[in-house]
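Asks: Each chain is listed here by its residues.
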Amino acid sequence: MPSDGGGSLTVIWPPAPYDSKEVRYQILLSDKNGASDPSTFKVVAEFPANTHYIRESKWPWWTRPDAPETHQVTIKNGKGVELKDGKTYHVALAVVSGDVRTFTTVVQAASEPNWINWNQINNLFLALLFGGIVFYAISVAKKREIFLRRIPGLDAVDEAIGRSTELGKPILYLTGAHDMSDPSTIAAAVILGRVAKRAAAYETDLLVPHRDPITMAVCQEITKQAYLEAGKPDLFKEDANFFITTDQFSYTAAVDGIMLRKKPAANFFMGAYFAESLLLTETGASTGAIQIAGTDSDHQLPFFVTTCDYTLIGEELYAASAYLSREPIQVGTLRGQDIGKALILGVLTVGTLLATAGAVLDAQWPQLFLDVFKDVK
Amino acid sequence: MIFLRRQMPLLITLLAGLVFAAQYYVPHPASEQLLTSVTKWLQIIGGFALILGVSSLFHVHAVKIRRKEAGWGYSFVLYASMLGTIAIGLWANGKEAVDGTITAFGWIYSYMMVPLQGTMFAILAFFIASAAYRSFRARSREAAVLLVAAVIVMMGRVPLGEYILPLSGDVSQWILNVLNASVRRAILIGVSLGTVALSFKIIFGVERSYLGGGKE
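Protein chains in written order, with my numbering: chain X, 1 to 377; chain A, 378 to 593.
Hints in this document: simulated from the structure, not taken from any laboratory.
Cβ coordinates follow ideal geometry from the N, Cα and C atoms, glycine included.
Possibly wrong hints are sitting among the right ones.
What the hints assert, rightly or not - Covered by chain A, per the in silico footprint, the following chain X stretches (three or more residues, Cβ under 8 Å):
#, segment
1, 4-15
2, 266-279
3, 294-303
Stated by the list, open to error - Chain A regions said to be covered by chain X (calculated; three or more residues, Cβ under 8 Å):
#, segment
4, 396-406
5, 418-427
6, 435-448
7, 460-469
8, 500-509
9, 560-571
Claimed, not checked - Cross-link-like lysine-lysine pairs, in silico, DSS-like; alpha carbons within 30 Å at most:
#, chain 1, residue 1, chain 2, residue 2
10, A, K417, X, K232
11, X, K169, X, K76
12, A, K472, X, K76
Take these sequences, add in the hints, and give me the full structure.
Replies: Below, the structure written as structure tokens:
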């Protein structure tokens, strides 16, 4: 079968005038060398003759092996079938009508793995298109200033650090539950750099407890660089970033303890969170700290919105770096994202209209557009 | 030296980023095998990184004990429990039970760790109640809308609520499936685009502050 990792055979045959629910098709398979009598083959699939058309399959139009009205069945490993790549198999089709069983000629086939999944090529095209838009927007941003809407949560970063400085209390910064392979953790680490720079400028203590040792090592470097850039390398403390544990609730208990004992005046919750979000933020709220959260964990957003003073919702977490730095490259990326969103909105509108038209008119042509935006595995 | 600190990581990021982005489109078993072996390597590196983490933990608490900082007793408890657990774990060969009999290590896990974790999780119920109380106070128009929606959804999710207010079941489903789901999807679209854009920036070295800031 094209576009797969091997271990499957696809049988295709044209529709017949007798196709109806009373007539049944059987797919027969044999792995014996020189097998020629289909009646001795193993039945690997059986179904009514008016089913299993290519139009019912998940293939997009550009990888369909034949016309939509053609029959197709894919034989895969499992349920008593074990296909080995490169081995030749004998395949036949049987038409069962009442007690009569008619066989087609036996064909030989071998499965083999492919190097490209052409079903997903639309995904690659859209990713490259989006990448192109982002880099185009960056080049535009380098030439002229781009408007950024206000993000109150990020405007409050200075306020929170200033408050900590006035009260002589530390700033607590969390980078979330995931490791550095998660973009939200990277975004949290990037924002940490900006926060640490301001904290260094204001000579305010920074506490960054971690759940992942690699994230801790990365954040140590980021913090060190931030203190250097702020011209306060002597104020940098190696143990400002420290590891607690990878265990969810042990970490939560430890951070809650830090909040209650050290009473930080500003708490930052950036990155990905799970059930610990409310335990952390509610404890922080009880200490009277100003709290700023930023997460792409949509399931935790209600808890953050409820208990924090400011919340960066979803993409705002990724926008933070651009907003705080105002560098053209970063701002250009944001503009690229906005153009991407406008495109998606357009596709949603056009797609809805076309899908409705396709259903009303019983037409196949809207699929030409709809398939391009489908996630086909 | 600057090459090893700056250019080298960027080069590795570029290569790894491109290879594993391409891996998504390659169904061949060799591609799967590459992903599997890199995942194993990541696990091995993660194991070594844990040594880094534990040494940081020991260092931070050793300083607290040495300086007799406020709450240094907790640091002492941490040291005692961590070293005690490691010693007992080694003594039990890391096994929680032998021939159906629980070992001391298993006892620590079952009768200390699990109840403590359960306790932390159980506190969540009280925190939800206090957070809900604060957010549902109808002090503004938005909070009032939230309160009404929350009451309808809560009524629609329990049999008694649906009995008292028969329409609440359908209305709560509509709130969840239409209003809530559409807003959630809008957030997810934004998050996905943000993730892809950040990935592009990282792969092509536009965003490099995660390497320790600086622009050189």
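Asks: For the segment 294-303 of chain X, do at least 3 residues have a Cβ located nearer than 8 Å to some Cβ of chain A?
Replies: Answer holds; 4 residues pass the 8 Å Cβ test.
Asks: Is the listed coverage of the segment 460-469 of chain A by chain X valid when you require three or more residues with a beta carbon under 8 Å from a beta carbon of that chain?
Replies: Violated - the segment 460-469 of chain A has 0 residues with a Cβ nearer than 8 Å to chain X, which falls short of three.
Asks: Please verify whether X/K169 and X/K76 have alpha carbons no more than 30 Å apart.
Replies: violated (63 Å)
Asks: Go check the segment 396-406 of chain A versus chain X for me, would you? Three or more residues, Cβ under 8 Å, otherwise it fails.
Replies: holds (count 7)
Asks: Between the segment 266-279 of chain X and chain A, are there enough contacts, at least three residues with CB-CB distance under 8 Å, for the coverage claim to hold?
Replies: Check passed, 3 qualifying residues.
Asks: So is the segment 435-448 of chain A in contact with chain X by the C-beta rule, three or more residues under 8 Å, or is the coverage claim wrong?
Replies: holds (count 5)
Asks: Taking a Cβ-Cβ distance under 8 Å as contact, does the segment 418-427 of chain A have three or more residues in contact with chain X?
Replies: Since 5 is at least three, the answer is holds.
Asks: With a C-beta cutoff of 8 Å, work out whether three or more residues of the segment 500-509 of chain A approach chain X closely enough for the coverage to hold.
Replies: holds (count 7)
Asks: For the pair supplied as a hint, A/K417 and X/K232, confirm whether the alpha-carbon distance does not exceed 30 Å.
Replies: Since the Cα atoms of A/K417 and X/K232 sit roughly 40 Å apart, the hinted pair is violated (cutoff 30 Å).
Asks: Would the pair A/K472 and X/K76 pass a check requiring their Cα atoms to be no farther apart than 30 Å?
Replies: violated (41 Å)
Asks: Are 3 or more residues of the segment 4-15 of chain X near chain A, judged by a Cβ distance of less than 8 Å?
Replies: holds (count 3)
Asks: Can you take a look at whether the segment 560-571 of chain A is actually covered by chain X? Rule is 3+ residues, C-beta closer than 8 Å.
Replies: holds (count 8)
In this structure, the hints that do not hold are numbers 7, 10, 11 and 12, in rising order.
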